[in-house]
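There are 2 protein chains.
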Amino acid sequence: MSVPTDVHPTDSTRVGVTAARGFVASGVEAGLKEHGGRDVALVVNRGTRPASAGVFTSNRVAAAPVILTRAHLETATLTAVVLNSGGANACTGIEGAADASATAGRVAEILDVDSNHVGVCSTGMIGERLPMDILLAGVDGAAATLDAGPEAALAAADAIRTTDTVCKTIVVDGPVAPGEPVWCVGGMAKGAGMLAPGLATMLCVLTTDALISDEDAYNALTEAVRTTFNRTDSDGCMSTNDSVILLSSGDSGVCPGLTEFTETVREACGSLARQLIADAEGSSHDVDITIVGASDEVAGETVARAIARSNLVKTAIFGNDPNWGRIISEVGTVPESVAPYDPHEVDVSINGVMVCRSGGLGDSRDLVDMTAREVHILVDLHAGSHEVTLWTTDLTHDYVHENSAYSS
Amino acid sequence: MSVPTDVHPTDSTRVGVTAARGFVASGVEAGLKEHGGRDVALVVNRGTRPASAGVFTSNRVAAAPVILTRAHLETATLTAVVLNSGGANACTGIEGAADASATAGRVAEILDVDSNHVGVCSTGMIGERLPMDILLAGVDGAAATLDAGPEAALAAADAIRTTDTVCKTIVVDGPVAPGEPVWCVGGMAKGAGMLAPGLATMLCVLTTDALISDEDAYNALTEAVRTTFNRTDSDGCMSTNDSVILLSSGDSGVCPGLTEFTETVREACGSLARQLIADAEGSSHDVDITIVGASDEVAGETVARAIARSNLVKTAIFGNDPNWGRIISEVGTVPESVAPYDPHEVDVSINGVMVCRSGGLGDSRDLVDMTAREVHILVDLHAGSHEVTLWTTDLTHDYVHENSAYSS
Chain A
11 MSVPTDVHPT
21 DSTRVGVTAA
31 RGFVASGVEA
41 GLKEHGGRDV
51 ALVVNRGTRP
61 ASAGVFTSNR
71 VAAAPVILTR
81 AHLETATLTA
91 VVLNSGGANA
101 CTGIEGAADA
111 SATAGRVAEI
121 LDVDSNHVGV
131 CSTGMIGERL
141 PMDILLAGVD
151 GAAATLDAGP
161 EAALAAADAI
171 RTTDTVCKTI
181 VVDGPVAPGE
191 PVWCVGGMAK
201 GAGMLAPGLA
211 TMLCVLTTDA
221 LISDEDAYNA
231 LTEAVRTTFN
241 RTDSDGCMST
251 NDSVILLSSG
261 DSGVCPGLTE
271 FTETVREACG
281 SLARQLIADA
291 EGSSHDVDIT
301 IVGASDEVAG
311 ETVARAIARS
321 NLVKTAIFGN
331 DPNWGRIISE
341 VGTVPESVAP
351 YDPHEVDVSI
361 NGVMVCRSGG
371 LGDSRDLVDM
381 TAREVHILVD
391 LHAGSHEVTL
401 WTTDLTHDYV
411 HENSAYSS
Chain B
11 MSVPTDVHPT
21 DSTRVGVTAA
31 RGFVASGVEA
41 GLKEHGGRDV
51 ALVVNRGTRP
61 ASAGVFTSNR
71 VAAAPVILTR
81 AHLETATLTA
91 VVLNSGGANA
101 CTGIEGAADA
111 SATAGRVAEI
121 LDVDSNHVGV
131 CSTGMIGERL
141 PMDILLAGVD
151 GAAATLDAGP
161 EAALAAADAI
171 RTTDTVCKTI
181 VVDGPVAPGE
191 PVWCVGGMAK
201 GAGMLAPGLA
211 TMLCVLTTDA
221 LISDEDAYNA
231 LTEAVRTTFN
241 RTDSDGCMST
251 NDSVILLSSG
261 DSGVCPGLTE
271 FTETVREACG
281 SLARQLIADA
291 EGSSHDVDIT
301 IVGASDEVAG
311 ETVARAIARS
321 NLVKTAIFGN
331 DPNWGRIISE
341 VGTVPESVAP
351 YDPHEVDVSI
361 NGVMVCRSGG
371 LGDSRDLVDM
381 TAREVHILVD
391 LHAGSHEVTL
401 WTTDLTHDYV
411 HENSAYSS
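Chains A and B supply the protein sequences, listed in that same order. The numbering of the first sequence is our numbering, which starts it at 11 and goes up by one. The numbering of the second sequence is our numbering, which starts it at 11 and goes up by one.
Hints are supplied without guarantee of correctness; some may be wrong.
Each pair may be met inside one copy or between any two copies, as identical chains are not told apart.
Stated by the list, open to error - Here are the simulated SDA-like pairs of lysine to any residue, each with C-alpha atoms no more than 25 Å apart in a straight line:
1) 43 / 373
2) 43 / 372
3) 43 / 374
The hints are simulated quantities; they were obtained by calculation from the structure and are not laboratory data. The structure presented is a predicted model; accordingly, all values stated were derived computationally and were not measured.
Bound conformation, chain A alone (with noise of 0.2 Å):
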């Protein structure tokens, strides 16, 4: 669950959303936070042979800023991404939807494009419109501190933060062959609520200077997510923002395969992701669900799901209670349709000890050292040869505190 060092080989020039050859970006304090700090930031893509890809929420109360960045995909290359913080204008209404055509309206203008160019993020509070003069006056700073270096990375990801206690960036290398030039991706995530199935909680922002087409770019995109954020689920409730958006600049002149460009997105949003659960609200453990034996991928991802919004299980994994009775109580929950296992099979182990064998007791349950961060729950279902990771947290007082203490 931590972050794997060997997927950053970022040296301190190499940060995020400018990694990659062709991007600037920006983030600055419009004064759209209660509390302060960055809230507008904006990624310009200046490469010669641009393509995007971008994939959002399923959830049908989407908010004005995702149905419009839908839109604009549908229609042409996104070069830009404008995102902010401090309100999520969902549930607006058609007002809201001017607000959010007026946001990519005005970076068009500045940028010189046409606005469907411009694809456009928020996060916040739902149900409450944007003051929309403070926003575009913050555009207009964001557009006036565009920059490469990485100090303009770390604005950008400090800017779309919301109750994140800190920035989430990557740089990920794609595989090099002899003589040709190195290529990355890199981006920048915001998580912490709302990181749920359908998409996990949470706007991002990657951007590679490989050269690929808007189809593959697609392509690499969605099965990228489908492993990584779509495998993370915090509390699992599934926000009306959830905006992936990826930019390509073409300008390290590599063509990768789509299978290297592929397994380089995901890393990035493999690592991007683990960063979202390591930092989500009021957790005090990591937590990896895997299943193996599964008959299927879907049944693996089921069986796992389950396990990791039950609150029973949350909450013993927060008193470290290896209490797996409550875990397989959740395996059995999945109907036999969907994944076929025998209930008098399964192997639960925790932390390395299987205290469930074969559906009953295993191991002594006094084996198992919970007092470390991170959490390993390992399911056999001894129904097949496929294996699913869900990374999950668990469920705190500080959990209950944040989302109860006040209105997000």
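Put chain B on the given structure of chain A with help from the hints.
For chain B alone, kept in the frame of chain A given last:
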């Protein structure tokens, strides 16, 4: 959400499972519970024309007593149910199956019936075998103290408590035709944790002196459970031991119509379900979620359950925060194939204030008073004429504490 007093036409001499003619019960302390208290209950049907029915957890990891009682019901009419707290006898392998069987056998021997006339229910920790010497001595004690009075019914209701803070009993009189004798449905239940779908929590024994067949008993019970216990969802977790058993003695001589009988059973189950929610672990609010304008019942129930299971909704309610964005966001997670509706037509009211109108901003959230224990959430999908109500609780520090501080 409060227990409607008008369905408690109970004088102090008619309580719970002994209110109907023909039943005796008892509750004793055998020593199964770590902290003491009654832990073995027995309910015996002495009627001359007995019938029975049972509804059980749909969890595939069903406890030994569930498997046994389900099998008994397929071959015989139950005339006795023995229940214990202090251990679930779930995930205990063939030894656990033998333990459940031995428990039924001891009751059968004492009552001089075949053991397939005896139902067994257990509740408590999963994955530990019951101390059979203690349990069987408790069965002997329970059999020796069987009584038809109200104290016996209360002792039985007390003996099945785990983290329940109060006993849950009910008596509902059936409709009486002129000149006919009165008849009633009485019952007891335990809940507190694992209040969930598929079946709530829970152990419940209902008794009636109506004269009905096994088949009518089953039909009435499944229909009553569907709209009561199955619409009760405190924490989304489905137990391995959930059991609802109905015994009829026929001793009133009254043979009610199936509709009348079903409604009377439904009233009894509804009251017990609300008593369970009101005593759910750590809750500070009782919440009813009503979906109107649904295209059909499944649509309404699915939307209601999505809201009821959202930790973000539940923590907001704990914080007295009328956070409708979290509610409509959950509405949006339900696929259109299950619940057709237009997100731009959805209204959300909290405690009578329509805070979200037509999918957007409604009346001020400042108008909503959430200080009372009862919270009413009303969602109008404007997609049909069906209405569904589901009951849940908030997510509190006490819930986290009760489920993390010790193993259960």
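Results of checking the hints against the structure:
Proximity of residue 43 and residue 373 under a CA criterion of 25 Å is satisfied inter-copy only: 23 Å between copies versus 51 Å inside one chain copy. Only between protomers do residue 43 and residue 372 lie at most 25 Å apart by alpha-carbon distance; the minimum there is 23 Å, versus 51 Å within a single protomer. Proximity of residue 43 to residue 374 under the C-alpha cut-off of 25 Å is restricted to the inter-copy arrangement: shortest distance 21 Å between copies versus 50 Å within a copy.
The structure is consistent with each of the numbered hints, conforming to all of them.
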